[in-house]
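*Asks:* Residue numbers (our numbering), protein chains in the order written: chain A, 3 to 423; chain B, 13 to 293.
Check each hint, because a few of them may be wrong.
Some chain B residues near chain A, calculated using beta-carbon distances under 8 Å [to be verified]:
(1) S131
(2) L134
(3) S152
(4) E256
(5) L257
Below, simulated DSSO-like cross-link-like pairs (lysine-lysine); rule was C-alpha separation at most 27 Å, straight line [stated by the list, open to error]:
(6) K169/A / K142/A
(7) K71/B / K184/A
(8) K218/A / K207/B
(9) K100/B / K184/A
(10) K169/A / K141/A
(11) K71/B / K396/A
(12) K218/A / K395/A
(13) K395/A / K65/B
(14) K396/A / K218/A
(15) K99/B / K395/A
(16) K141/A / K218/A
(17) K396/A / K65/B
(18) K220/A / K97/B
(19) K37/A / K308/A
(20) K207/B / K99/B
(21) K211/A / K395/A
(22) K395/A / K184/A
(23) K142/A / K218/A
No wet-lab data here; the hints were simulated from the structure. These numbers were taken from a predicted model, which means no experiment stands behind them. Note that the Cβ used here is the ideal one computed from N, Cα and C, for glycine as well.
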Amino acid sequence: MTLLSKVIGAASGIALSCTAISAQAEVLFWSTQAKPVEEAQAMREQVLSGAGDVDYQPNDGGPWITRLNAELSAGSGSIGVLGALHGDFSAMNPDDLVNLDDLGLGAASDTFNNLAKLGTDNTLYVPWMQASYIMAANKKALEHLPEGADINTLTYDQLIAWATNVKEATGEAKFGFPAGPKGLKHRFFQGYLYPSYTNGVVRTFASDKAVTAWEKMKELWAVTNPGSTNFSFLQEQLLNEDVWIAFDHTSRLAAAFNERPDDFVAFPAPAGPEGRGFMPVIAGVGIPRTAPDMEASKALIAHMLKPETQIATLRATNFFPVVDVELPGDLPPSVQAAGNAVAIMSASPDANPGLLPAGLGDKGGDFNRVFVDTFERIILAGQPIEAVLEDQKKTLMRIMEETGAPCWAPDAPSEGACPVE
Amino acid sequence: MNPRLLPYVLILPVTLFLCLFFLYPFVLVAQQAFSNSSGFTMSNFRDVTEHWKFPISLKNTFLLALAVVPIQLALSLLMATMVTKMKKGRDLILYVWTIPLGISDLAAGIIWLAIFEQSGFLNSMMGGLGLIDSPTNFLSYTSPVMVFVAIMLAEIWRATAIMLVILVAGIGLIPKEYYEAGEVFGATPWQRFLKITLPMLRPSLQTALVLRVILAFEVFAVVQALGGTLFPVLMGETYAYQFELLNSGAAAAIALIILAISITFTLIIMRALRVPKGATI
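Extracted from the complex, chain B is given alone in its bound form:
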């Protein structure tokens, strides 16, 4: 076979797969969002954005992303540098830290629900230690901050590992010579981290942040398990339109709004963390 054609032949199956199961449904969803029984319309978008819950769910989604992603970024950087410094047991620690990745997000939500609910572990522990007399309900409409904190903790626990694995791989690619040169010139460990690790990690940081931010805008199952209707998010509204109100047009409209937000943030992150032309590792 012509070697020039070979790469295209090799990516053909996955291209076909994506066209059939991603592009084609995407076109259908876009069509649904912009049409009703009488043809082209913006009424689906008007309906969903005018609903009283839309601004609240938009705000909640952003707030959650804003609270969770920076903490996860810091944590995963810390964990990645720790792991690379380890001489023994590195693989074991990595496996343990990535366990939450193997759990479905709904299961993760249910695990944290078992901790926070009225008859949950946290209450029985505090009761056992004599800190409280009777179990309190943490996840109630009267304590929105607590609901938010519970969702935040569950999200951090669940999805930090995905950034960690990308960053560990990225750090492994940084040539040792830079660090050796840094040490020769007397750079402290903190300076080496700031001046060598961080800049050299740019491509990995970009990937990790893009992935994580997109996931943050799609957050659904964890919120559903812990907050129910107390903490509306965009994806939850999509689900409600599709399955409770059987309104596919409106569901498609919110899905497109989420897509637009995700694309915007992807572009911003790509631009902010771009590797300058000509610079290579």
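Here chain A stands alone, though its shape is the one from the complex:
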């Protein structure tokens, strides 16, 4: 062995042991949530301050899954804990997630705990936090409410009439819809429009009632700010008043309420002929099978589920606790407003709650694209509704057959794969 190779060998040995030491000392929390700088900082300083040495690293979905897959296929890695949406976990191979049954942790809701099993018999991630989608409006818009309409029991027809009144009064379309590239429009169709009009999502995808739903969507779009195709976080447009009435994810409306709490109101999503459809958002924490220090990772998950951590998470991210906790009185205005609207929405007599798509595995993205494509073709490109629904129905059927996913609420339960009728 020459001197050079000895030196190289020694250097790489030292480098390896250095990384090994640092990997042991810190748990890498690899997350798709709390990405904005302020939220990430609040996660590090408040939520994770008592959890030992944790390196909280939030990322976009692409880099998140790329590094995770690289570590999984290498068979060893440095990611300790994964934080992601239910949809991100369900796109993974269940074998790549560590069985968390022995932690004995879970959400207060059994529905959530069942979702966290990803179709297996074991808990593969622990529900971490939840949110939903609500409506928000500038108080200036309230005087234009159609006669007899109550903001807390709004119907889609009343919403359209309201947005039309605003447009007539101001000369501008001021309803805002998150149809931008990063906007969450597909959830509006899956969890709000379809359940409210068809009492289903998959079975009723191309039904006559669905045609009515898309006709209503067209009416709504006619009084929607045409810039909506660039809107992804409606809080921005609410604050600069390009938009007066908006639909979005609670955490994507939060900045509006926190910056000018007296200017905006939050209220439930509208109702259609089949009830008031709405959908939860659920994020979880799990451990990849390649985690370097299993005990430390499990300890971090246990920390995330403590009531005080859950409240700190709520302050940091505007996502609500999944365990039973008593909320303190001094929460930020966005949390109070959103919490109120969600409570009214779920307690309303015509509530028609939907579930997150389940059992789709890595076809979750394709499933969302069916709805986004349908929207772009019918609403933006102006193609005939029936023809588009018939065409997209084939793609949807193929996804359901390939994955064998059974129906979820509000669709009626199915034997085997959920049929598109």
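Chain A is already provided as a structure; the job is to place chain B on it using the hints.
*Replies:* Frame of chain A; chain B shown alone:
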């Protein structure tokens, strides 16, 4: 060391580098495009070409290349001849003109977004001059032409310089004797440009056009920033397949389609602008 071997030894590192970081990944991508869980298949190609957005994004990509490249060619020729005629401040002008080259294409897209968006510079300028009452939204689905024009402007602004530097270098290589001879025989400046500069520039034009056309087919970040989903292009579809649908096979298939288009156009340009055998500068 044997002097015959020296050149090969010198290019060995870069060859190894390219094999490891270009050829090897390329083979993997090709493999991905032609396979699924059950082995060899063309289904990835069928899936992406049958999707309703594929013809639109193909058309948009070609349309953009067709609109942008000729304008850039004319502009860069004009700018290159201007620069070579300058006696003073030539370097300064060249540096200023090539600034956009140093900016990442996403940053370039965002700069132009700041100009065109509803609360952007163009709207506030027109408002300040009293031309409009309230800001209009230029980049909306209702005005596809405006979206196209904005993307075109941003692309021209961003990538003309890459052709310019190649052409400036090429013009510098043309011997002065040709021009002197031309002047002696009474050729006008326009004739000298047509009969001397253009033919002698062939090799540089070839390089500049090949580079620019390949870049045009890969256009992504500028379009993403200005058009979002309003102006689908092939590269944007690749990104969507890879990161939104997590379908690497389909993403690899579109990437190979883009590669095939790029190779075809490279060959066409090389053939059209080839330097005849035996002719040298």
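*Asks:* Of all the hints numbered above, which does this structure not satisfy? Sort the numbers upward.
*Replies:* Violated hints (numbers, rising): 2, 8, 9, 15 and 18; every other hint is consistent with the structure.
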